[in-house]
Amino acid sequence: MGAYLLRRLLIAIPSLLGISLILFTVLALAPGDPFGELATNPNVPPKVREALRLKFGLDDPILVRYLHWLTAMLQGDWGFSFASRVNVDELILQRLPTTLFVVGSSQVLALLIAVPVGILAAIRPYSVFDQVANTLAFIGFSLPTFFTGLLFILLFSLTLDWLPFVYQADISATGWRWAWEHVRQAIMPVCVLGFFQAASYTRYVRASVLDVARLDYVTTARAKGLSDGTVTVRHIARNALIPVVTLVALQIPAVFGGAIVTEQIFRIPGIGSLLINAMLANDTPVVMAVTFVFACLVVLFNLVADLLYGWLDPRISYR
Amino acid sequence: MTEHDLRTMIGEVKDGSLSRRGFVRRMLALGLTAPMAGMMLAQNGVAFAANALRDAYKPTKAGGGGPLKLLFWQAATLINPHFAIGTKDQEGSRIFYEPLAAWDADGNLFPILAAEIPSKENGGVAADGRSVTWKLKPNVKWHDGKPFTADDVVFTAEYAANPATAAVTSGSYINVKVEKVDDLTVKLSFKEPTPFWADAFVSSAGMVIPKHIFADYIGDKSRDAPANLAPVGTGPYKFSEFRPGDTLRGVRNPDYHVPNRPFFDSIEMKGGGDAVSAARAVLQTGEYDYAWNMQVEDEILKRLEAEGKGRVTMEYGGNLEFLLLNATDPNVEVDGERASLKTKHPAFSDPAVRKAMNLLVNRAAIQQYIYGRTGRATANVFNGPAPFVSKNTSFAFEPDKAAQILEDAGWKKGGDGIRAKDGKKLKFVFQTSINAPRQKTQAIIKQAAQKAGIEMELKSVPGSVFFSSDVANPDTYPHFYADMEMYTWNMTQADPAVFALQYVSWEAATKANKWQGRNICRMQNPEVDACYRAAQGELDLVKRAALFVKMNDLVVADYVLPLLHRAQVSAINGKLQAPATGWDNSLTFLAEWYKQA
Chain A
98 MGAYLLRRLL IAIPSLLGIS LILFTVLALA PGDPFGELAT NPNVPPKVRE ALRLKFGLDD
158 PILVRYLHWL TAMLQGDWGF SFASRVNVDE LILQRLPTTL FVVGSSQVLA LLIAVPVGIL
218 AAIRPYSVFD QVANTLAFIG FSLPTFFTGL LFILLFSLTL DWLPFVYQAD ISATGWRWAW
278 EHVRQAIMPV CVLGFFQAAS YTRYVRASVL DVARLDYVTT ARAKGLSDGT VTVRHIARNA
338 LIPVVTLVAL QIPAVFGGAI VTEQIFRIPG IGSLLINAML ANDTPVVMAV TFVFACLVVL
398 FNLVADLLYG WLDPRISYR
Chain B
8 MTEHDLRTMI GEVKDGSLSR RGFVRRMLAL GLTAPMAGMM LAQNGVAFAA NALRDAYKPT
68 KAGGGGPLKL LFWQAATLIN PHFAIGTKDQ EGSRIFYEPL AAWDADGNLF PILAAEIPSK
128 ENGGVAADGR SVTWKLKPNV KWHDGKPFTA DDVVFTAEYA ANPATAAVTS GSYINVKVEK
188 VDDLTVKLSF KEPTPFWADA FVSSAGMVIP KHIFADYIGD KSRDAPANLA PVGTGPYKFS
248 EFRPGDTLRG VRNPDYHVPN RPFFDSIEMK GGGDAVSAAR AVLQTGEYDY AWNMQVEDEI
308 LKRLEAEGKG RVTMEYGGNL EFLLLNATDP NVEVDGERAS LKTKHPAFSD PAVRKAMNLL
368 VNRAAIQQYI YGRTGRATAN VFNGPAPFVS KNTSFAFEPD KAAQILEDAG WKKGGDGIRA
428 KDGKKLKFVF QTSINAPRQK TQAIIKQAAQ KAGIEMELKS VPGSVFFSSD VANPDTYPHF
488 YADMEMYTWN MTQADPAVFA LQYVSWEAAT KANKWQGRNI CRMQNPEVDA CYRAAQGELD
548 LVKRAALFVK MNDLVVADYV LPLLHRAQVS AINGKLQAPA TGWDNSLTFL AEWYKQA
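Top to bottom, those sequences are chains A and B. Take the position in the first sequence, starting the count at 1, then add 97; the result is the number in my numbering. Take the position in the second sequence, starting the count at 1, then add 7; the result is the number in my numbering.
Hints are computed from structural coordinates only; laboratory data are not their basis. Predicted model, so just to flag it, every value in this text is computed and none were measured. Treat the hints with caution; some may be incorrect.
[To be verified] The calculated lysine-lysine pairs, modelled on BS3-like cross-linking and capped at a C-alpha distance of 30 Å, are:
id : chain 1 : residue 1 : chain 2 : residue 2
1  : B       : K194      : A       : K144
2  : A       : K144      : B       : K351
3  : B       : K187      : A       : K144
4  : B       : K453      : B       : K408
5  : B       : K184      : A       : K144
6  : A       : K152      : B       : K228
7  : B       : K428      : B       : K398
8  : A       : K152      : B       : K466
9  : B       : K228      : A       : K144
10 : B       : K431      : B       : K398
11 : B       : K153      : A       : K152
12 : B       : K184      : B       : K127
13 : B       : K349      : B       : K153
14 : A       : K144      : B       : K349
15 : B       : K453      : A       : K144
16 : B       : K453      : B       : K550
17 : B       : K521      : A       : K144
18 : B       : K466      : B       : K419
19 : A       : K152      : B       : K184
20 : B       : K458      : A       : K152
21 : B       : K518      : A       : K144
22 : B       : K447      : B       : K431
23 : B       : K408      : B       : K434
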C-alpha cells in the first residue's frame, strides 16, 4: 500500500501543475480587470490606473505571470488580494471556520436524514413510506438552493420573524447566548444545504441497500432466524454503505469550498462568498488560490476515497 | 445683555457648545427676529450651511445610542482611503478618517478638521488664485491620543503624491505644493491660478492620515503598513475589527472633537448579498438601520416602504446617465485603429441626424416607467450645484418632427423602411452594460427610432467588461466600437472642472493613449475647448459658472444626449436621522447621525 500511495502522490503533482496552468490561463484571458471601478471615477487620473497595472504586473505576458505565481506558491507565498491588499492565506483562514461550521453541519444533517430514511425506504420498497420519501427526495434535489433559500427567508424571517437572514461571523455575546445566536442564524442555511444534500444521499442509500438486500447472504442470515433489525443493521447497512462512504469522501472538498450560492444569499462570510466576490472584482490572486486549494482537495480526497474503498472491501487491491 | 455677553454666546455657537438654534431662540426672547440673529452669526464668521446641519442634531450628550448597523451589499475590502478602489472602500475608511472639509447637500463646504473654510474675507484664499491657506481645528486628537497637526496634513499630500505609493487619490495632490506655516496652518500653492481649490484635503480624496503611523510606509512599502487594516484616524468611531469583504466594526471615540457626538456606542458595517435583500433588512424586517446604494427599481422600494419600518432617501449630486453618439466611424479602420479621430461618423456627422436622435428619446417615459424617484429626466450635462445648471435647454419627445428633420435633410426611406442618403443607411449599434433599467431604456429608444426609420441593433455587455480599463478588450466603454452607447458618469466634486474633461478634444480616448482619455464620444468642438480653457483660469466665480453653462449648452446640442440626473439612494430606519449629501460619500456626516427616541 505504501508504494501505491507514493505512486498516486507522484501522479498528483503533474496533474496539479496542469490544473494550475489551465486555471491561470483562463483567469488571465477572462475579460475585466481589478481596477475597473477606478476607470469610472473621474477624479482618478488614468496614469494611476496604468501605474497600478504595472505595479501588480497585469500587463506582463501570461507565462511570466504564471511562473511568478508558481515560484511564489512553492515557497508558501500565496500572494495578496488586489482588492484588499491583504495576504490571500490570511483571507482564506479568516473565512474557513465559518464555512466548515455551516457546510460541515449541513453534511452531518444530510447524513442524519439520508441514512435512516434511505435504509427504511429500501427495506420496504414501494411502501407508503418509500413513496413519500422518494417524492420528497425528488422535490429536494430538483429545487435549487437559491430558491429554497429565498423561500425560507420569506417564511421564517419575513412572515414569521423567527430567524435573522443576515449571518454574522462574529457575535459579541458570550457563553450560552453566543452559542444560541450562532445556532439561530445557522438554522436556515444549514437546513437549505442539508435538505438538498440529503435528497441525493437518500437516493444513493436506498439504491445501494436495495442491491445488497437481494444478495444470498442476506437471505441466509434471515434463514438463520436473525431478527429483522439485526439483519438490517449488521448485514445489509454495513455493506450497503460502502459506496456511500466514497460519495461522502468525495463531498469533503465541497465542505471546504463552501456553498457559493447559499453563502451569497445569507451573507455568510465563507470561502464561497470570498470566491464569488473575488471573481466579480477580478481579483485574480484570490480566485487562483481558492480554486487551486479546491483542486488540491479534490485530488487528495479522491486518493482518500480509493484508500477507504480498499479498506472497506478487501477484494479491491492496490495496484 | 452686554456686547461681551453677546460675543461670548457667538463664540459658543462657533465652537459648538451652544447650538445655532439655541442662540436664535435666545435672540428671539430679546425681541430680535430670526433672520437678524442669523445674520449676526454670519457676520461673525459662522457660516449658514454648517450650522443648519449641526443644528438638526438633537442629542445632548455623546454615546448612549446603542449600536448603529449599516448594511452594504458591496462590502468594504480595504480601509486605507488613499487605496480605496471603489466607493465602498471610501465609505469604510470614512468611519475612521476625516478630511479638512466636505461638501454638503447644497454644494457648500462644511469644515470638519478645518477651523474654518478659507475665503477671500478671512485671507485664506489668495487674490491671485495661486494659493489657499487652511487653518486647522485645535485640540483634535488621533485615536491613539497623539495630537493632530499640520505635519499630518503635509505628510498626507506627500504620501498620496508619491508615484510609488500608487494612491488612487494622487490626482488631487500631484500638482499642489503643500507647506506647513505653523502647527495649525497649512498653505497650498498651485502652479496656475486655480478657482476650484477645494480638491486636496476635501471629501473622499482628502482624508488625512497620521504621519506618526504611516511615515515608515510611504512609496514601495505602502502595502506593508499595519494601519492599512487597522486604521488610526480622527473620526467619530475608533477601529475595533475588520474582516475584508465582510464586517467592519468600530466603537465610539470618547475624545471626538465635536461636542455631544457621536450618538451611537458602536458601529457595524456588514457586507455582501444583493441590494434588494439589503433594502428588505432595513425596510421590512428592521434588522439593520441603514442600507447603502439601493440600485433597485423604484417599484420594489415603494412596496417595501409601505411596511412603514423605514424610508428611502435620495440625494442628488451630479451623476448623469447619458447617451453618447460616436463622432468617429467605428466600422472603418485607419492605421489599425477603429473609431479613429481621422474618421467621421457617416450619419452623426450630419447635425440633422443628431437633432433627430435627441427628439426620439422619450426621457419622460424613461423616468416615469423605469427610474421612478431615483432619477430625474434632464436636458443638461451639468445638473448641479445650482450655479452651473443651464436654464437655456429643454428636451422633448417628438418622433414626427424628428422624421421631418431627417426627411428635409435628405435621408429618405428605402423599401425596407430604413432611411438612407448617398448609400449610407441609418443603421446603428447601440451598446450599454447589462442592467435591467438600461435594457428597458434601450428598448424604448429603439422603438421610437424604428418608427422614424432608424434601425437599431441593441448590444449589452456585462458590467465587469464594459466598465474595465482593459486595453485589449474591444467591448469596454472607452473603446466605444459602436454608434451609440449609454452609461452613468459620476460627478464626484461639487465643481464641474473634472467632470467636464469628457467633452474636450484633447482628452479623446484613442489607441495612442490606450483608451485612457476621458472624452469617450470623441467629439471635437473648438468652442467647447475654448470654454473649458477659459473656465480653468477664471477666478470670478460668476463668470466661471457662466462659461460652464455655455459649455453645457454646446455639448448637449452636439454628440451628448443627457437622459437622467441620478440620485444616491439609501434605505434608512424610520427613527434614524442621517444627514447626507449627493456630493460626497454617504457616511460624510456620520458624526451627526442619531436616532429619535
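Item to check | 30 Å Cα cutoff - pair K144 of chain A, K351 of chain B | outcome: 28 Å, holds
Next on the checklist: Hinted pair, alpha-carbon criterion (30 Å max): K518 of chain B, K144 of chain A. Please report holds or violated.
Outcome noted: 15 Å, holds
Checklist entry - Given the hint that K184 of chain B pairs with K127 of chain B, does the C-alpha gap stay at or below 30 Å? => result 20 Å, holds
Checklist entry - Is it true that the CA of K152 of chain A sits at most 30 Å from the CA of K228 of chain B? => result 12 Å, holds
Checklist entry - When you check the alpha-carbon spacing of K453 of chain B and K408 of chain B, does it fall within 30 Å? => result 17 Å, holds
Next on the checklist: Would the hint linking K431 of chain B and K398 of chain B be met if the CA-CA limit is 30 Å?
Outcome noted: 36 Å, violated
Checklist entry - Within a Cα-Cα threshold of 30 Å, do K228 of chain B and K144 of chain A meet the stated pairing? => result Since the Cα atoms of K228 of chain B and K144 of chain A sit roughly 20 Å apart, the hinted pair holds (cutoff 30 Å).
Checklist entry - Within 30 Å, alpha carbon to alpha carbon, are K521 of chain B and K144 of chain A? => result 11 Å, holds
Checklist entry - Taken at face value, is the distance from the CA of K144 of chain A to the CA of K453 of chain B at most 30 Å? => result 37 Å, violated
Checklist entry - Is K428 of chain B within 30 Å of K398 of chain B, Cα to Cα? => result Violated: K428 of chain B and K398 of chain B sit about 35 Å apart, past 30 Å.
Item to check | Distance restraint between K458 of chain B and K152 of chain A, which requires alpha-carbon spacing of 30 Å or less | outcome: Given that 30 Å is the threshold and the Cα spacing comes to 51 Å, the pair is violated.
Checklist entry - CA of K187 of chain B to CA of K144 of chain A, is that 30 Å or under? => result Holds - the C-alpha atoms of K144 of chain A and K187 of chain B are around 28 Å apart, at most 30 Å.
In this structure, the earlier hints numbered 7, 8, 10, 11, 13, 15, 16 and 20 are contradicted, and the remaining ones agree with it.
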